[in-house]
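Asker: Hey, can you work out the whole structure from these sequences and the hints?
Number of protein chains: 2
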Amino acid sequence: MFRNFKRFLIGKPLKTLDEGGQSLSKTKALALLSSDALSSVAYGTESITMALLAAGAVALWLQIPIALLVLVLLGAIVLSYRQIIHAYPSGGGAYAVASENWGPKAGLIAGGSLLVDYMLTVAVSASAAADAIIAAVPALLPFTVALSILIVVVLTGMNLRGLRESANFLMFPVYFFVVVLTAMIVYGIFQAITGQIPYHAVAKVGTSFSGLSLILFMRAFSSGSSSLTGVEAISNAVPNFKVPKERHAASTLAMMAFILAIFFAGITFLSYWYGIVPNKQSTVLSQIAAMTFHGYNIGFYVIQMATALILAVAANTGFSAFPMLALNLAKDKYMPHLYMDRGDRLGYSNGIVSLALGAVVLLVIFHGSTDALIPLYAVGVFVPFTLSQSGMIVHWYRTKPKNWIFKAIINFVGAAISAVLVITMFSLRLNHVWPYLIIMPLLLGMLLKIKGHYTSIARQLRIQYINSDKAVRHHYDGATVIVLVSNITKVTTGAIDYAQSIGDYVVAMHVSFDVNPKKEIKTATQFKQDFPEVRFIDIHSSYRSIIKPSMGFVDAIVKQANKRNHSVTVLVPQFVPKKPWQNILHNQNSLRLRAAFAAREDISVATYYYHLTE
Amino acid sequence: MFRNFKRFLIGKPLKTLDEGGQSLSKTKALALLSSDALSSVAYGTESITMALLAAGAVALWLQIPIALLVLVLLGAIVLSYRQIIHAYPSGGGAYAVASENWGPKAGLIAGGSLLVDYMLTVAVSASAAADAIIAAVPALLPFTVALSILIVVVLTGMNLRGLRESANFLMFPVYFFVVVLTAMIVYGIFQAITGQIPYHAVAKVGTSFSGLSLILFMRAFSSGSSSLTGVEAISNAVPNFKVPKERHAASTLAMMAFILAIFFAGITFLSYWYGIVPNKQSTVLSQIAAMTFHGYNIGFYVIQMATALILAVAANTGFSAFPMLALNLAKDKYMPHLYMDRGDRLGYSNGIVSLALGAVVLLVIFHGSTDALIPLYAVGVFVPFTLSQSGMIVHWYRTKPKNWIFKAIINFVGAAISAVLVITMFSLRLNHVWPYLIIMPLLLGMLLKIKGHYTSIARQLRIQYINSDKAVRHHYDGATVIVLVSNITKVTTGAIDYAQSIGDYVVAMHVSFDVNPKKEIKTATQFKQDFPEVRFIDIHSSYRSIIKPSMGFVDAIVKQANKRNHSVTVLVPQFVPKKPWQNILHNQNSLRLRAAFAAREDISVATYYYHLTE
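Those protein sequences? They're chains G and H, same order as listed. So for the first sequence, the working numbering puts the first residue at 57; every next one is plus one. So for the second sequence, the working numbering puts the first residue at 57; every next one is plus one.
None of these hints come from the bench; they were simulated from the model. There may be inaccurate statements among the hints.
Note: identical chains are not told apart, hence a pair may lie in one copy or across any two.
Okay, derived cross-link-like pairs now, SDA-like style, lysine to any residue, Cα gap no bigger than 25 angstroms in a straight line [as the list claims (entries may be wrong)]: (1) LYS634 / ALA651; (2) LYS387 / LYS574; (3) LYS387 / ALA143; (4) LYS575 / ALA514; (5) LYS604 / VAL563; (6) LYS604 / ARG217; (7) LYS584 / GLY508; (8) LYS635 / GLY508; (9) LYS526 / ILE593; (10) LYS604 / PHE631; (11) LYS635 / ALA651.
Answerer: Structure representation (structure tokens):
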């Protein structure tokens, strides 16, 4: 039943060798990995404008120089990540680069930041998409959080079905957004140039005003940089590309950066030209759409719909990137091995499910408030950016390829701008980013603890050798088997027969609590008659637990067995009903006993299963 | 951690022999078992009055003859149950009596009705208590259902701590209610006789009116009979009494009936004398209190508080009766054995928890609406009343003791009135009692299915004998052991050593899925070097499941073993981390494999535990 249901939801299992077929072409990869970055233009220009408004509408002309600086940062980051893709084709992005060049601790900071960040990506994008849907269908307003969670659940399902199918499904919204946004920007600029929409800027570039300061500028710049979140997704997912993986990944990244730059520049220009001031009712993007298409007509609604769709898809970026990062951390033993297990459809199911749970928790805690999450999200991105790009400088210095100084300068520019952004965030927006300072130490502590555990286990389990080639072994002279007996049935017969096949000394143990001893005497008599060759021990318990008294007896037997150099097995006879629901009709004692004996040294626990046929 | 928390909530475990100390004295039993019956006077007279009001205020004088008839019914039921207590001292009440005299099916109908009824008792009383608390503190109104559930949870906790402690705790509210209600009735009647409160009856006894009909009379009578729910609790709980159990139980029942009769008669008389007409804002009981104490003063509030308290305690009756009934049904194999397991504090924990869950579900479904539940509740009580009292007639006819005809007549009166009530309910109030006709067949079907399962299991497990004294056995010539191997570590060494101690033929099985075969070759080489005497089989799986390919191989080994007359054991090596949380860091493959092999015949599954020390 459960299996069929799972098959219906997830699809048939795939063979491991089918994996090649799951690899991504450039067109699919662009859809799957760029939606996060591209969709951020929906709020990038707006965040700059909002930050500048603090100094009055006269400051709005600053959006032009800030946008140019963001584009420089984008250029530096993209060039830097192209270099990373070629230098580290096995994926891992900031985590791999920082680990190798700055050491494991720095790598962990980068990796840990990104783990949390991918959850934020999913939460922020899903809630923004829900907001966009609600803007179109206001009746859904009371269900904001529920709608966000529904988007996360649907994406989880699609990702459990496998990467390629998700990509097919997601290609449409991304390319639809690219097409309609391009159309809007081109049509808007055409109308601006031909004078059909006259120049309306609130303040001309260069107008001086009283509140102009470095703090204002940096606040606005740090807000605008939120458009650059998601750029690292491609470098993390290099192993998912078709061969030649690095070349395909690098050109996909270039393509994405090109589109992002045009969108960001175009929207900022139109916002400046139209003199748009954001308000609570409508976003900058929706105002631009209304101006460009001259009203709330079909053009306006198409833009709104495309925005909503790509935001939903953007949430998917986390689903591609998180499991890969978790896999890399698990390979390095910083995360549980279970993040290395693939599901039936070759996706890393545990990573997908963990991410979804994290995102849902964030949505519930923050009630889907995008504003509160974005600064945290930006810090989580720019800390790893700084670490990986500065790490690349170390990389070039160590390997010294042709033109290494030029390459190092590119990375230096990226690292410097990223570092300045991080410092700006912590000094100017501490009221939003303080949770980072609490979450990160906890997360790093956990990752290090897991690593320590795995290392300690590996050391403890290493085989010892005599003369460096003969493993230390122990030869037993026999086996003692303790059979647990409750009532005397066919299960008992089968268990005793089996025990005699594996054991040299077999003893039966019976635990009783009835105050009335008649039943016990009857059981003992019947046992002795049916199994005259087996020693029968009746243990009386004054409590209703069978575990404590059993343990005491087993201890005595273990001592005896050690003297004889016997191994000790506790055999639990158990019958298996025909239908699983029938299990609740029977005492769960054997389960409890197995758990108790697992905690004891020197004892192996065996189960004799008697299968009922009716 | 969990154990300490449980100990804090529930208390230290008690020895089975401590059970005697948990027995009830008459004073405690009255508190523990009578609150349901006594508290029903809070709504008994009111239900009669409400039903009569349908024919206008002039019909209200009928409450006097109806109350007299209810008292006759009470007398008949109590006399009948006293006879039952002496005839069936092991408890079980209606279930035991109906089973023995009418056969198991009738017993099941009685038992099944009562199972559901106890859940209704808890739900109805808890919600009525919540209503009473809210009447005093109107600010709690939005939390009606939550408050009812809280009462159920608190009672559950107290019952898990053990019967005696609950009784100590519950004695105060019951005796408090008895004292203040007696005081109110005496003071009210004194004022009526002395003329301090003049005769105000709406209509004199005997006034004729147009709407007078049998239907009206029967509706009002069936409503009034809801005061009699809870009377059977004492006869079900006979084994909980101090010895001599029957005598103590019978006199407790008589005491309870005496108090109930006085309360019911007194309240109905005062209601008639004062000419009280119930309305939505105040209950009949609260109006009587206000009249008797001349206003909303301390006397009024004490009565209200006492009512609220005893209703909360009344919910506890179900907690005493349900687990005992479930125990009796489980002994007869109609319910799962787990209802026979006692908790640490000697209460039947599973029964207590099941009852609480059922009551909470009812509270949530019916939003704590007492009105909707009471008719259902009454049917659930009077069906078993009818069955047990008519059963007693059969009992007297069979055993023919002294005065048996007189005894049979007492039971006949009770049975007849109960049967008329059941018929009235189904014919006049089907709109309220229809769920009974759906729930009962489902419940009976379930109970019979469970019985069938246990009977079938017992038959299948019965040992077969040759010549009626020698059990059929099977002698194996040896044991084949299959050891599952993943990486080669100390766990492998220990497992192979152990396997050789129990097996005559040991084979190692390794499952690989890596596309890259290098790792497999390395594992195979190391194994062959360390364990040259053991056959090593590498199974390659193209899926990521290790279960399917393992099964195929194990099938082949089983076939071979059958030829050699060997038993087959699959040995799963597993290491046990020092701290339980560390288990999530390791593959859960061994758990999955154990479950898969449990489904196979001819295979026993053993686990070799390697205990980590760090």
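Asker: Is it within, between, both, or neither for LYS584 and GLY508, if the alpha carbons may be no more than 25 angstroms apart?
Answerer: Close neither inside one copy (53 angstroms) nor across copies (31 angstroms); limit 25 angstroms.
Asker: As a check of your reading, is LYS575 near ALA514 (CA-CA no more than 25 angstroms) within one copy, between copies, both or neither?
Answerer: Answer is between: at 17 angstroms across copies they meet the 25 angstroms cutoff, but 51 angstroms inside does not.
Asker: Within, between, both or neither: how does the pair LYS526, ILE593 come out at a Cα-Cα threshold of 25 angstroms?
Answerer: between (42 angstroms within a copy, 21 angstroms between copies)
Asker: Could you place LYS635 and ALA651 in one of the four classes (within, between, both, neither) given a Cα distance threshold of 25 angstroms?
Answerer: Cα proximity of LYS635 and ALA651: in one copy and across copies (24 angstroms, 14 angstroms).
Asker: Can you give me the call for LYS604 and PHE631, within, between, both or neither, at a CA distance of at most 25 angstroms?
Answerer: both (23 angstroms within a copy, 23 angstroms between copies)
Asker: With 25 angstroms as the alpha-carbon cut-off, assign the pair LYS634 and ALA651 to within, between, both or neither.
Answerer: Classified as both; 24 angstroms inside a copy, 14 angstroms across copies.
Asker: My question is about LYS604 and ARG217: at a cut-off of 25 angstroms on alpha-carbon distance, are they close within one copy, between copies, both, or neither?
Answerer: Result: close only across copies, 21 angstroms inter versus 48 angstroms intra.
Asker: As a check of your reading, is LYS387 near ALA143 (CA-CA no more than 25 angstroms) within one copy, between copies, both or neither?
Answerer: within (20 angstroms within a copy, 73 angstroms between copies)
Asker: Cα distance capped at 25 angstroms. Does LYS635 pair with GLY508 within a copy, between copies, both, or neither?
Answerer: Between copies only: 14 angstroms across chains, 43 angstroms inside a chain, cut-off 25 angstroms.
Asker: Classify it for me, LYS604 with VAL563: is the Cα-Cα distance of at most 25 angstroms met within a copy, between copies, both or neither?
Answerer: within (18 angstroms within a copy, 35 angstroms between copies)
Asker: Measure nothing new, just compare the shortest in-copy and cross-copy C-alpha distances for LYS387 and LYS574 to 25 angstroms and report within, between, both or neither.
Answerer: Between copies only: 18 angstroms across, 61 angstroms inside.
In terms of the numbered hints stated before, the structure departs from hint 7 and from no other.
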